[in-house]
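There are 2 protein chains.
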Amino acid sequence: MPDFQRGDFQSWASVHQSRFEDVLRRLLPQPDAAPQRLHQAMRYSVLDGGKRVRPLLAFAAGELVNANIERVNIAAAAVELIHAYSLVHDDMPCMDNDVLRRGKPTCHVEYDEATALLVGDSLQSLAFQLLAEHQLSDETSRQLRMIKLLAVASGSRGMAGGQAIDLDSVGKKLSLPELEFMHIHKTGALIRAAVQLGAHCGAALDAVQMGRLDHFGKCVGLAFQVVDDVLDSEADTSTLGKTAGKDAEQDKPTYVTLLGAQAAKQMAAELHRDALDALAGFGDGARRLRELADFIVLRKF
Amino acid sequence: MPDFQRGDFQSWASVHQSRFEDVLRRLLPQPDAAPQRLHQAMRYSVLDGGKRVRPLLAFAAGELVNANIERVNIAAAAVELIHAYSLVHDDMPCMDNDVLRRGKPTCHVEYDEATALLVGDSLQSLAFQLLAEHQLSDETSRQLRMIKLLAVASGSRGMAGGQAIDLDSVGKKLSLPELEFMHIHKTGALIRAAVQLGAHCGAALDAVQMGRLDHFGKCVGLAFQVVDDVLDSEADTSTLGKTAGKDAEQDKPTYVTLLGAQAAKQMAAELHRDALDALAGFGDGARRLRELADFIVLRKF
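Protein sequences, first through last, are from chains A and B.
Just so you know, numbering that gives the first Met the number 0 puts 160 at position 161 of the first sequence, and the rest follows in order with no gaps.
Just so you know, numbering that gives the first Met the number 0 puts 108 at position 109 of the second sequence, and the rest follows in order with no gaps.
Treat the hints as calculated values from the structure; they're not laboratory data.
Quick caveat: nothing in here was measured; it's all calculated off a predicted structure.
Check the hints yourself; a few may be wrong.
Calculated pairs, DSBU-like style, for lysine-lysine (alpha carbon to alpha carbon, straight line, at most 35 Å) [claimed, not checked]:
no., chain 1, residue 1, chain 2, residue 2
1, A, K299, A, K172
2, B, K147, A, K50
3, A, K147, B, K147
4, A, K103, B, K50
5, A, K217, B, K264
6, B, K217, B, K264
7, B, K217, A, K147
8, B, K172, B, K217
9, B, K147, B, K50
10, A, K171, B, K103
11, A, K103, B, K171
12, B, K103, A, K147
13, B, K264, A, K147
From the derived model, a few chain B residues whose C-beta atoms are all more than 10 Å from chain A [unchecked claim]:
no., residue
14, A32
15, H88
16, D111
17, S174
18, E179
19, V207
20, D227
21, D250
Output of the computed footprint for chain A on chain B, the stretches with three or more beta carbons under 8 Å from beta carbons of chain A [what the hints assert, rightly or not]:
no., segment
22, 50-63
23, 117-131
24, 134-142
25, 159-173
For every residue, glycine included, the Cβ atom is placed at its ideal position computed from N, Cα and C.
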């Protein structure tokens, strides 16, 4: 695979990442507001880190439908808060027991376990608060659909359900369809939600277009996980910003352990192609979505 | 204090409790749907237990405004799912480390800690899903306000924030205002939300009436905690259905340790009176709310 040529995309992403950091700083509870330690821990867990892949997908989908950027900011923040809460809870000793995240001590290490539990819980509430208190659509009924969409993507039939399947899979030999089912939930659901929520902030797409966009989200979400598995097996901790080699150490099934590195890379390339095919009818408005698919598959960290 | 005379109220409450159990059984993910273990643990943590005080408050507030019972069912379920999630997380080893809840092993004892974490997370998502996917009001904008209301009541400025203050208070000597601040968040926020959400399901009250109803909720919420503290210091584990005497053992400040049992009972009586005063203008429609205030203050478990 050739290295991804960043150029213009790189500056588009940087501008949005930096701008979005300010959005999060503003939307999170301020560090001097009571209860201060909890609010500081929430900010610690969300700010200054991460590639913001889900928000970038929301911004790219928003561009496709000429969405108001203030609206997409809120949708992107809600998705990112859900993602951040899942990382905080996932890192806890009773789950993955990880001490390093985005190059920093994990929340329960920097604070304590009880605080990490409450940080995750509070970030989830805040995500739904944001979607309910800001105007995201001219139609309030559409806004309710957006809230439902994020709730389903986060819950037991989405991300949290995928984590439960993940827990049950430790030490087991999964088939490829079982592994795919797990990741479509664990990682895929929220990535799909990011694309859909971004698109819901602007002009309505018809059902066929929305279906194609959702297929794009599904392919990119799965590709993201396949690439994650490859990187986890090949990269080192300092590049990754989180503990490398954890999957093998914990005897978790991954695309690499199941297929081998070469076939996993091949699978990522196929998903990449499927994702781009899904956008074929969208013209130049989908440019950033295409570039994000490239970035997700060809990234090195 | 005289014993609370139940009579007609008792049968009203029983009918709603039993009916509401069916509502929860229907709204929770079915036990045979994947991921099964997570869904079974969610049902284990919510069903067959609890006095359902918050749902009863929602039903009573719904009666005040002639609300459609199907709508109040959903609002009540959302509040109860948030309450249930908070108990599951609260009982975990990194929080209160409790093994008994509603007379049964706590979720992390019956299942495991990782599952308990995901059960709580998923119950929270489901609460917001319910509020977004069912019609609760003729005005969708009012429904968005209801979602915001529950999110704020649950998050870092509500229930979860109160728990954070509670954690920080272990081993400290709090003043009465500090203890009150903690409980207005930890217990009070969700009880107030239950009353308000029930009232939002029916004919709109004016701002003054809504303010009175909210004051009722605030008084009842605080009285609930004061009575809880008294019961914890006096009852035994089998009556309580959860481990008695935990507060003293964990050196947590309570109304009893701060004021003494007698003054704490006096405080509950005053809050009871304030709660009833707040309903003075409402006539017979508020009858069940009054009876619930009586029940909450005069209960023995």
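Evaluated hints:
1. A/K299 / A/K172: holds (28 Å)
2. B/K147 / A/K50: holds (29 Å)
3. A/K147 / B/K147: Roughly 14 Å between the alpha carbons, so the hint for A/K147 and B/K147 holds.
4. A/K103 / B/K50: Since the Cα atoms of A/K103 and B/K50 sit roughly 44 Å apart, the hinted pair is violated (cutoff 35 Å).
5. A/K217 / B/K264: violated (58 Å)
6. B/K217 / B/K264: Since the Cα atoms of B/K217 and B/K264 sit roughly 17 Å apart, the hinted pair holds (cutoff 35 Å).
7. B/K217 / A/K147: Cα-Cα ~29 Å, so holds.
8. B/K172 / B/K217: holds (24 Å)
9. B/K147 / B/K50: holds (26 Å)
10. A/K171 / B/K103: holds (31 Å)
11. A/K103 / B/K171: Cα-Cα ~31 Å, so holds.
12. B/K103 / A/K147: Holds: B/K103 and A/K147 sit about 32 Å apart, inside 35 Å.
13. B/K264 / A/K147: violated (43 Å)
14. A32: Non-interface label on B/A32 violated, nearest chain A Cβ at 8 Å vs cutoff 10 Å.
15. H88: Answer for B/H88: violated, closest chain A Cβ roughly 6 Å.
16. D111: With a cut-off of 10 Å, B/D111 comes too close to chain A, as the shortest Cβ separation is near 8 Å.
17. S174: holds (15 Å)
18. E179: At about 14 Å from chain A, B/E179 clears the 10 Å cut-off, so the statement holds.
19. V207: holds (24 Å)
20. D227: It holds; B/D227 is separated from chain A by about 20 Å at its closest Cβ, greater than 10 Å.
21. D250: The assertion about B/D250 holds, with a minimum of 15 Å to chain A.
22. 50-63: violated (count 0)
23. 117-131: holds (count 11)
24. 134-142: holds (count 3)
25. 159-173: holds (count 7)
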